[in-house]
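Undergrad: Okay, here's what each chain looks like letter by letter:
There are 2 protein chains.
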Amino acid sequence: MKIKFKVWLDQNGKAFGNGPLELLKKVEKTGSLRKAAGQMHMSYSKAWHLIQILEGRLGFSLLDKKIGGASGGGSVLTPESKDLMAHYEKFQKEVKESLNRIFKKHFGSSFIISLPHKRGHRRTSQK
Amino acid sequence: MKIKFKVWLDQNGKAFGNGPLELLKKVEKTGSLRKAAGQMHMSYSKAWHLIQILEGRLGFSLLDKKIGGASGGGSVLTPESKDLMAHYEKFQKEVKESLNRIFKKHFGSSFIISLPHKRGHRRTSQK
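Here the protein sequences come in this chain order: A and B.
When we follow the numbering used here, the leftmost residue of the first sequence carries the number 1, and every step to the right adds one.
When we follow the numbering used here, the leftmost residue of the second sequence carries the number 1, and every step to the right adds one.
Derived by calculation from the structure, the hints in this document are not laboratory data.
There is no bait here: all hints are sound.
With the C-beta cut set under 10 angstroms, the calculated list includes, among others, these residues of chain B facing chain A:
1. M1
2. V7
3. Q11
4. A15
5. F16
6. G59
7. Y88
8. F91
9. E94
10. L99
11. F103
In silico SDA-like cross-links for lysine to any residue, where the CA-CA straight-line distance does not exceed 25 angstroms:
12. A:K6 with B:I3
13. A:K104 with B:Q11
14. B:K46 with A:F5
15. A:K4 with B:W8
Estimated spans, in silico, between C-beta atoms of each pair:
16. A:G31 with B:S45: 47 to 55 angstroms
17. B:E97 with A:R34: 40 to 48 angstroms
18. B:M40 with A:L21: 31 to 39 angstroms
19. B:K35 with A:Y44: 46 to 54 angstroms
20. B:K25 with A:H49: 37 to 45 angstroms
These numbers were taken from a predicted model, which means no experiment stands behind them.
The beta-carbon is built from N, C-alpha and C at its ideal position, and this holds for glycine as well.
Chain A on its own, in the form it takes in the complex (with noise of 0.2 angstroms):
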């Protein structure tokens, strides 16, 4: 037995979580918004659609685009999206960390193993 768990900023909606995380370090590796997608395979469009609502929830914006250039542009994150991502990521440790712990607290060890095991639909009759 494991937990397993969801965990995501909101704000009339999802704002950040695991998801854009995932695509905002890719395309800090690629330097392309275009390139971050298709790693994740996600269309170009979705990624773009994604990160529109994102930035329209947060308040700020987590790409710049850039123009020309003989890549033909490309995208670079914000300085508030370095810092969002650098605070989620240790926020997410931590709650990792923490929800670990209390699983082990609460079910670890003791409870589960020791239940006994599923004995098939038990009848019992009701006069």
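Chain A is already provided as a structure; the job is to place chain B on it using the hints.
TA: Relative to chain A, chain B alone:
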């Protein structure tokens, strides 16, 4: 900005979480899986199927089916089911408190609020 989360027990798939907890609480109250499902706008067959899957993953029975009687039978929680619910509720309460605390630590007061408001797409030319 708020934090939102989903957390669940996993054993080759979802084995327990908020939805099942709510369903079992309603079974406890109404004495009937059919009534409990109805209150959650879920079909009886879907609720029954869910219980089967959870029982398989957990390795023990959640419900005892009562046969006959004036009411034509119904369902009661097994002792293991009640035990799981009690553990899960304490676990869930602690998770919520912990996540709120971690959220405030990383995103509270200073962070999100201090970020500048979105400026529209900033464009920097690249030569």
